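Q: The lines below spell out each chain.
Number of protein chains: 2
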Amino acid sequence: MTEVNWIGVDWGTSNLRAWGMGADNTVVAEARSDAGMGTLPPEGFEAALIDLVGGWLGAGAMDVVVCGMAGSRQGWAEAPYRAVPCAAKTDTLTQVQTSDPRLRVHIVPGVKQAQPADVMRGEETQIAGFLALNPKWDGVICLPGTHTKWALVSAEEIVSFQSFMTGEMFALLAKQSILRHTVAADGWDSGAFDEALDDSLANPARLAARLFSLRAEALLAELDGVTARSRLSGALIGVELAAARPYWLGQQVAVIGADALSDAYVAALSRQGVQVVQLDVDAMTRAGLAAAHENVGAVT
Amino acid sequence: MTEVNWIGVDWGTSNLRAWGMGADNTVVAEARSDAGMGTLPPEGFEAALIDLVGGWLGAGAMDVVVCGMAGSRQGWAEAPYRAVPCAAKTDTLTQVQTSDPRLRVHIVPGVKQAQPADVMRGEETQIAGFLALNPKWDGVICLPGTHTKWALVSAEEIVSFQSFMTGEMFALLAKQSILRHTVAADGWDSGAFDEALDDSLANPARLAARLFSLRAEALLAELDGVTARSRLSGALIGVELAAARPYWLGQQVAVIGADALSDAYVAALSRQGVQVVQLDVDAMTRAGLAAAHENVGAVT
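Chains as they are written, first to last, in the numbering used here: chain A, 1 to 300; chain E, 1001 to 1300.
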């Protein structure tokens, strides 16, 4: 195995990804576990990390650059938020004391916004990675997820951003509401998605009525579960696009994500005539961690 | 105890209310249990009813008039929906065969609408009760609940109606989403409610962003839990009022419900200059069951 030069970590609420990086920032090793921030007390992070990447360490101290919820108040160590507008690339990493001398841990801070109140932890690293790979790019970055983020970037700064609970609402409605009997667990009907999206963009306020209507149509007209699922997604993303219009209208948009949810955003934006590029999350995260690691070198 | 002449039952998904009614339709006995439709197989309903009201029965057969989910396909016996437009008062009760000869059970049918697809079971009885007490009343009836209904009534008919999943969304978001740490279990701030209501009515599409903002404000500015709860309610009801505007604008509105949720709807509608009357659900249900019972007398 090529030697690991430093380690990049994306430590979320429910899981943990680690990449062993070569001196030229290529991936030479990769590991993941479900030891997410939400499962660990502050004193548990070091052991969880060693469990996962202990085999990559040598005799000397190795840099570990961490982004995500591990930097929250309930995480390993709090990395205070930077406030927008701020440089996409950070040079204010939070160092964590470890018992094991082979680790030199640095946590990337999240980003906050006072008005409207908003926060991100992890997505700022994906944005920094995208800008490291696309210097001078101005436009809007959309990061689909449980709490989808829209960020306006200009002159390599995050100017403003906005989070939407759309993904979490979809999961709650599909799995825990009365619609759980109506909505299929998977499957996709792009025509049903498009129709619901258009309807919702044109009249976003009708969301709660549209949702009940899915249930009623299942009772009265045997609405298909895949159609219901696609309509639910279209209705929710339509409301979000209606509100996020100031972000995407007349802009070039980079969607960071390659899963089914991101595909739905790309389809929805393309349908509005928006020029969209789609990028892999992990690649952007690693590029962002590498950009942060350059500063570690400068500081230590 | 004054003699029970007939029995009225509101049999919902999660509980069961029964009233022993005198010959003049006054309440002479009252009972409730948690043997809701959702907890019973079809063959369990008769025993559950006898458990609750057996003591009210005499030697002869007694009429029992039932509304609510007991009439659904998964209930005691399916009482097929009537389709709008239809008379508020029904004369098409579904009779149920019982083993116990002391029972003569009749189920009130629900009401359906083909386009947009919609259904109600139980609320039609409250509407019929309101119209029995207020003959010739034309206007809009709002029935707040898990799935709030808005119904246009004219010439003693239900002309059209629309259900909104607003109440269920509130419960899911307050108790099961990331906002569960942010939103208090009770308490009320009418100023915060009004502000969120106005904001949401003016720009309903921003719902999912407003929700995440509550979480962010709790992290960044120690947003109070009662304020968050009132804002969540105002934001959701504001979106509903924006969509239901064709129902309430320029209409007189009767809100059937006297709980905190109904109070919030009354406050929100009054704030829009709507003339609102507020009525007790149980009284409307009993009046609706009594109106249905008159037809039983005519049929048997």
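Mixed in with the good hints there might be a few duds.
Cut-off 16 Å, straight-line C-alpha distance, at most; resulting in silico cross-link-like pairs (EDC-like, lysine to aspartate or glutamate) [as the list claims (entries may be wrong)]:
1. A:Lys89 - A:Asp199
2. E:Lys1112 - A:Glu157
3. E:Lys1175 - E:Glu1157
4. A:Lys112 - E:Glu1222
Not close to chain E: a few residues of chain A, all C-beta gaps over 10 Å, as computed [as the list claims (entries may be wrong)]:
5. Gly139
6. Ser154
7. Met165
8. Glu168
9. Met169
10. Asp198
11. Ala221
12. Ala242
13. Ala243
A few chain E residues that don't get close to chain A, going by computed Cβ distances all over 12 Å [as the list claims (entries may be wrong)]:
14. Ala1023
15. Ala1031
16. Thr1039
17. Ala1048
18. Gln1113
19. His1147
20. Ala1171
21. Leu1207
22. Ala1218
23. Leu1279
Worth flagging that the hints you see were computed from the coordinates, not collected in a lab. Small disclaimer: the values here were computed from a predicted structure and weren't measured. Glycine included, every Cβ here is placed at the ideal spot set by N, Cα and C.
Q: Once the closest CB in chain A is found, is it more than 12 Å from Gln1113 of chain E?
A: 8 Å, violated
Q: Taking the shortest Cβ-to-Cβ distance between Ala242 of chain A and chain E, state whether it exceeds 10 Å.
A: Check fails; 4 Å does not lie beyond 10 Å.
Q: Is it correct that the beta-carbon of Gly139 of chain A has no partner in chain E closer than or equal to 10 Å?
A: Gly139 of chain A clear of chain E: closest Cβ-Cβ about 20 Å, beyond 10 Å.
Q: Verify this label for me: Leu1279 of chain E is non-interface relative to chain A, using a Cβ-Cβ cutoff of 12 Å.
A: 23 Å, holds
Q: Quickly compare the C-alpha distance for Lys1112 of chain E and Glu157 of chain A to 16 Å and report which way the hint goes.
A: At roughly 54 Å apart (the allowed maximum being 16 Å), Glu157 of chain A and Lys1112 of chain E break the hint.
Q: Under the criterion that the straight-line Cα-Cα distance not exceed 16 Å, is the pair Lys1175 of chain E, Glu1157 of chain E satisfied?
A: Judged against 16 Å, a Cα distance of about 38 Å means the pair is violated.
Q: Going by Cβ atoms, does Ala1023 of chain E stay more than 12 Å from chain A at every point?
A: 38 Å, holds
Q: Below or equal to 16 Å on CA atoms is what counts here, so check Lys112 of chain A against Glu1222 of chain E.
A: 14 Å, holds
Q: Hey, does Leu1207 of chain E actually stay past 12 Å from chain A on C-beta?
A: 6 Å, violated
Q: Verify this label for me: Asp198 of chain A is non-interface relative to chain E, using a Cβ-Cβ cutoff of 10 Å.
A: 14 Å, holds
Q: Just want to verify: Ala243 of chain A was marked as not at the interface with chain E; is every Cβ pair farther apart than 10 Å?
A: 4 Å, violated
Q: May I ask you to check that Met169 of chain A keeps its beta-carbon over 10 Å from the closest beta-carbon of chain E?
A: 6 Å, violated
When the structure is compared with the earlier hints, violations turn up for hints 1, 2, 3, 7, 8, 9, 11, 12, 13, 18, 19, 20, 21 and 22 and for no others.
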